[in-house]
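Undergrad: What follows is the residue order along each chain.
There are 2 protein chains.
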Amino acid sequence: MKYVYEFGGNQTEGNSKMKELLGGKGANLAEMCLIGLPVPPGFTISTEACTHYYSNGKNEVLQLLRSEIQDAVKSLEQKTTKKYGDPKNPLLLSVRSGARASMPGMMDTVLNLGINDQVIEGLASDPVRQRMAWDSYRRFIHMYGDVVMGLKPQEQGEEDPFEEIIHRLKGDRGVKLDTELTVDDLKLLCQQYRSKIKERLGHEFPQDPWEQLESAITAVFDSWMGRRAIQYRKINNIPSDWGTAVNVQSMVFGNISDLSSTGVAFTRDPATGEKLFTGEYLINAQGEDVVAGIRTPMQITLEGSKRWAILADVTEDERKKTYPSLEEQMPEMYRQLFAAQNKLEQHYREMQDLEFTVEDQKLWILQTRTGKRTGMAMVKISVDMLDEGLIIEDEVIERNDPAKLDELLHPVFQKEAMAEAKELTRGLPASPGASSGQVVFFAEDAEEWANAGKQVILVRMETSPEDIQGMHSAQGILTSRGGMTSHAAVVARGMGKCGISGAGALHIDYRKRTMEVDGVNIKEGDWISLDGTTGIVYSGKLATVTVSIGGTFERLMKVCSKKAKLRVLANADTPVDAITARKFGAEGIGLCRTEHMFFQEGRIDLVRQMILSHDEAGRVRALDKLLPIQRKDFEEIFEAMKGLPVTIRLLDPPLHEFLPLDEVNERALAQQMGINYEEVLDKVTTLHEMNPMLGHRGCRLANTYPEISIMQSRAIIEAALNLKRRGVEVLPEIMIPLAGISREVIMQIDIIKKTAEEVFAETGERIDYKIGTMIEIPRAALVADRFAQHVDFFSFGTNDLTQMTYGYSRDDFGKFLPVYLSKGILKADPFTTIDQFGVGELVEIGTQRGRTAHPGLKVGVCGEHGGDPESIKFFHRTGLDYVSCSPYRVPIARLVSAQAAVAESRKMEKKNALP
Amino acid sequence: MKYVYEFGGNQTEGNSKMKELLGGKGANLAEMCLIGLPVPPGFTISTEACTHYYSNGKNEVLQLLRSEIQDAVKSLEQKTTKKYGDPKNPLLLSVRSGARASMPGMMDTVLNLGINDQVIEGLASDPVRQRMAWDSYRRFIHMYGDVVMGLKPQEQGEEDPFEEIIHRLKGDRGVKLDTELTVDDLKLLCQQYRSKIKERLGHEFPQDPWEQLESAITAVFDSWMGRRAIQYRKINNIPSDWGTAVNVQSMVFGNISDLSSTGVAFTRDPATGEKLFTGEYLINAQGEDVVAGIRTPMQITLEGSKRWAILADVTEDERKKTYPSLEEQMPEMYRQLFAAQNKLEQHYREMQDLEFTVEDQKLWILQTRTGKRTGMAMVKISVDMLDEGLIIEDEVIERNDPAKLDELLHPVFQKEAMAEAKELTRGLPASPGASSGQVVFFAEDAEEWANAGKQVILVRMETSPEDIQGMHSAQGILTSRGGMTSHAAVVARGMGKCGISGAGALHIDYRKRTMEVDGVNIKEGDWISLDGTTGIVYSGKLATVTVSIGGTFERLMKVCSKKAKLRVLANADTPVDAITARKFGAEGIGLCRTEHMFFQEGRIDLVRQMILSHDEAGRVRALDKLLPIQRKDFEEIFEAMKGLPVTIRLLDPPLHEFLPLDEVNERALAQQMGINYEEVLDKVTTLHEMNPMLGHRGCRLANTYPEISIMQSRAIIEAALNLKRRGVEVLPEIMIPLAGISREVIMQIDIIKKTAEEVFAETGERIDYKIGTMIEIPRAALVADRFAQHVDFFSFGTNDLTQMTYGYSRDDFGKFLPVYLSKGILKADPFTTIDQFGVGELVEIGTQRGRTAHPGLKVGVCGEHGGDPESIKFFHRTGLDYVSCSPYRVPIARLVSAQAAVAESRKMEKKNALP
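Chains A and B supply the protein sequences, listed in that same order. Quick note: to get my numbering, add 146 to the position in the first sequence (first position is 1). Quick note: to get my numbering, add 146 to the position in the second sequence (first position is 1).
Here chain A stands alone, though its shape is the one from the complex (with noise of 0.2 Å):
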């Protein structure tokens, strides 16, 4: 079995696509030199050896590699002409992990292994390298004795000691920079570190080379299980069976003299993504040097000086004295780079993020890998590079990442404002975005609030449908209780407003109108500032800034929806929504939730004098009132929507939530109706419920009151048919909600029916509608064969149906939520991503008997998971027709549904490729 792999100078044995093995870093070291690009060669120790290390241990392992390192290292000396441990040309090396996937900074790496007593004198005998070269053994011994001899700090808060070391001697020498203290400091230092690491760990610091090569490669292996990268693995979902790679490679110095330096750079610009190669770098450096930021690191091409320079308020003859680009300052090298990368992104296909050396005038490339960008350039190099035909639409499509791309649609605190803000505490983040406002507690002093000029932010233990408009005028919506899908998160995702829900520390205290978290008191008026995308409410005023998506974007969409399977709808209730949904390219309305409509101003009355009448007379009579009303909506809905279908559901909630929450309320509803308090309590009283969740409501609140229904279908219908008198197209779709009997669904299509041929039979006009089903109870989805032939659609509420899948309540799930996913009970909040095993299976039970009984029937989802990536891509695997997800998360599940598609179209080509 082979464990070693060489690369660079006459013999690379790896390539980039041997990731599995090499891990990233080593299988592109390989890559890089295959393509003729200078690479200080090296080898690679696969990860299998890792895997031998933790099931057979060091010493097998050591023994096992001994020979393979030994000669590779030999082959090392040959092709550098350099030989390691030997005082006179010395070879030094380096060891850094590097896994299958990057986990940037997880794991260990040491530096400048070879140096001993004996080989220093070499390394230091030439004047120009002395200083190099004593810097190089200082840092050597502190990586070293931290990594390999576990040199650390002995207890929580005490100074890394190689540390307390160097700023007691800087202390004593009245300097701050490392770069200041001499060689003789440097020497010292040395010293000081080894006598430490004697006193404390009782053994002196190895002289031989290669024991110093053996015990560092094999405390990369060590890293590979420590706390950091475990957590890291568990968090990225990375298999702890993978192991690392370790890379030994030949050290290169950018820190000789002037002719030397050393930079980081990217093929396309990471913050816009611009077509435009930049980079920093440092004269007499080395690479940690340019992040540290001691220094003040200049710009590679010539535009991106001068553009810095704008910036930093510089003028062209200070910036070309104190600040030349590369580009000016080592023009052959800036022309041998930008040759390398260019190489690099046509070679990859992709935006690379490399790190260069320039020693004594030689131009090395340590390292490439694929960039991290923003969201903006994720999709903008995507797109570009399709146009650039580096790339297919498939790959577009693979490149852009869901997450990214939500972070484009929402408002972001300024970089600047987050570094000083102040956290307050956290919650979950309900509805991604940014906002400050002054904290109000009631609803109706949110709207009087903003009405009078005010940014605020609505602060509740839990929302209400009777606070919507309040909502509405919030820039934010903050709440002690409730989770992903209590009220105030789905209403918050559906405006695009900013929201964090159960922030769970919070005590509100409605008399007072204060709050109170970990001893610190807000009150009515103080400014906090919410981020609904981590979930963290911060005191004070933050400032925002909202990303521009322009015709990229666009043109990103357009790609997805070639490719998409799953149609993408909106939930909208309102001729705002609708329009937002439009915009986002959102094909058709696949929830309309009617109620949303009853509590605005002037509707809320007729609805309560409905609940409030004695008979069905009664109840006619307001409702007759509110059929005007409905239609009007519904004719704005259908305006916007044109020529998409527009899916409403029937009344939904029960009626409690309509009526007024307290005495007072209930006293004025008393006197503006004309009737006695107690007949209003009384009702109250009647329709309280002990579990509303699972109460009288939906269809079964339809087939108490069919004349519900009848006003409802009434108002559909005819708005319907007056827009296509003005030549509208509309494709109505009237959907009952929690319906769990097949009696249930018969009967109201028997009203919605009977009521359409009415309306028809006194216009003289017809038009086309559907009626379906949402499937949201557990038993709907079991007994879906016999719902399906009555209807033309189903709509699996998941909301619903993960409630009562798992018998969660959404509005009291964030009191045990936060510690089942510490317990690692849940993994996730099966109200953000479907539980594919038990909920899931009912999608596909339900799915699977409803089109045995009714081929061709439409199947979608209308719950909140229709805009979760993970969620989609399990709804496209059941084969569903459409999600339907909120204005704002239209694009993210466009996107993952093309994504969806993508991968199972590569899974048939890998499938039929097979002999």
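These are computed hints drawn from the structure, not numbers from a lab. None of these values were measured; they are calculated from a predicted model. Take the hints with a grain of salt, since some may be wrong.
Same chains, same label: a pair holds when it works inside one copy or across any pair of copies.
Stated by the list, open to error - Distance condition first, Cα-Cα at most 27 Å in a straight line; then the derived DSS-like pairs of lysine-lysine:
| hint | residue 1 | residue 2 |
| --- | --- | --- |
| 1 | 669 | 829 |
| 2 | 467 | 342 |
| 3 | 489 | 518 |
| 4 | 969 | 900 |
| 5 | 900 | 508 |
| 6 | 900 | 973 |
| 7 | 658 | 829 |
| 8 | 916 | 969 |
| 9 | 568 | 658 |
We have chain A; now place chain B onto it with these hints.
TA: For chain B alone, coordinates are given in the frame of chain A:
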């Protein structure tokens, strides 16, 4: 095709196995002829003729039947030596319906067919028979005019036209009884009846005997589709395509002279089941007179007569003179009758209800059928017949009706009291039994009043665990809300206490301590009575009786247990419940709800102390004090159930159920605990849940606060060891509630096992115990394979499973259940009888997946469905191991479980018997 089947005389074509073709009555008439009993000859027109009638119409069927009927009448004339329509020696006929299943009184009958103006002359020519002849003619015109010709009241409330005429005549004559009318009066009646027919219907009463016969036959066919018949079939699930047969039989007369008589008899006492021939008769009377109650009927046997005399306070002399038994009055007839009834019972191997007539010293048996009986008689007769060798054990099981058995286990209102009872309102029959008491509206009052020796009925909108003590003290429980599995219903059934829930018409005013229903006001202290078997609430106090169940009941149960596959356990929370359960034959406890113990005095304070603790240490302190109390409870229960398994469920309800519900009690608690009221209020607010049914309870609580499970596990294991030490065999099983995710179960199992091992280590002793999980969340059923490998048993909690699968809150369901039942959306309350399609499929899936992953897994049910016959049959078919129900349902469950096993073996026999 043959439609007419003769019986009697020298030719009988049917037998008792031909009920499908000849109906029950026709088949039995034929059978009696075959075994040599004296039956007036006749013929049966088959149910196929009825089916033909409904598919092809009257005329075609008559054409088809005419010659067969004429042949049959001719044969009848030969057998009786009379002639139909012949004035000299007229044959008179009766025409009666006779369906496959008994539909008493639902269809029509016409007697005395064949009389016309000529025939009456011949019939009345014998002076002895003159009155009988005219009375028969009068009756015939009345019945025929009503049933065949359709002369009925024209509008609601109008008197029957025939009754009106006879009433008028009796008024004119100043007499009260029909029998007081003279022969001339009867002649006048015939005339007036016929005039009325002519006047109202426009045509004459038919004189042609053949027209009479054909029309009477088709009238009986028509009555199969009468409104009453259709309703009856709907209620009793009788298919409408079965049709009815028609029995045409020669008339015999018990009212010719004192040498004639008529009566009804039972082969055993239908009230007590005693093996005692019993029945009533009247001399010189017609069948209907016996049941009409105008004359007091006399007892058939001497023993019966003597017993009757004692009850009726009649001296032996008077009895002999005025109310002699048939045995004394007509000893030869009695001898023949006794022999006949004996023959019938031996032949049918079942208690018979028979009708007979003595015409001029000749005995005729007119009908026999299985006799209706009380629950007590049902049990006794079946067990006695087993002992007599008449039937086998399977038949004993089949012949007992679970609903009737239930009657035996609860008190009922006295018949006499019921006659004057005033219905107040109706609710759901939540818990069977009958009781009266004074109304109280608060649980504390119930306790106080009961302690003061009063009988109380606790009336609440709904009950909560806080009310448990008050419910214990009450005679019965009445709630205005909630369904069959509401808290009140479940607890009442568990206590074997009569209860009515969801009496929606009731308006309770707690402040005024009154309730109002349909304008009637009831205040605290007023008497009401509840019939929990029917759901009817009566005003006032009604006397109750309790049927005593003795040895025969035990015998029945033993037979059942021999056959049953499904074991029957009981839900029992206290030692008292456990003793009751054992008394009723429970094979263990399938559900012991530990939280019920928490509400008892002295304990609730500790529970509240735990809840109000700020940290785990505080909770542990409170739990430490609860430990010995719980241990003692468990010891008592284990003791009561020694040798049988006891399944203890860990804490299930949410913590807020243990906190007070109003400010007064909250303040009291604060004072008692020595903390601020605000602190209590804060906890109450924090723990409040929007949907507690879907909230923080069950193992969700136990996984958040493991210390609760630790205390309970310790109490169980310590209690078991203590008893084992005393030589008591203990089989503890620990059950984890509300699991939906396998990790939830695994974590609880870890806690339980760790605690048990700790106790074992401390004591140096071990005991076997089992761990299981409830499957009550839809997801749990779907992922049952992931649970099964970790546990010893599953127990389906079908109450919660039904709640979540249907999305119904059992507390709120009462609001629309009545509407859903009346509109036919639901066929039955799914909390009473399991929904076999949705919930049932989850039980099947859970069982199958559980057993696949863990062969030998024990699977049972501990929801309310465990005591419901239809549900038990379903669980048997699904292959479950046991059901657990409230102690008072145990006998029913044992019976039904045996019935399911017998039904299965019968099915297997049938299958195996096929060629």
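Undergrad: Any hints this thing doesn't respect? Which numbers, in order?
TA: Failing hints, ascending: 2 and 5.
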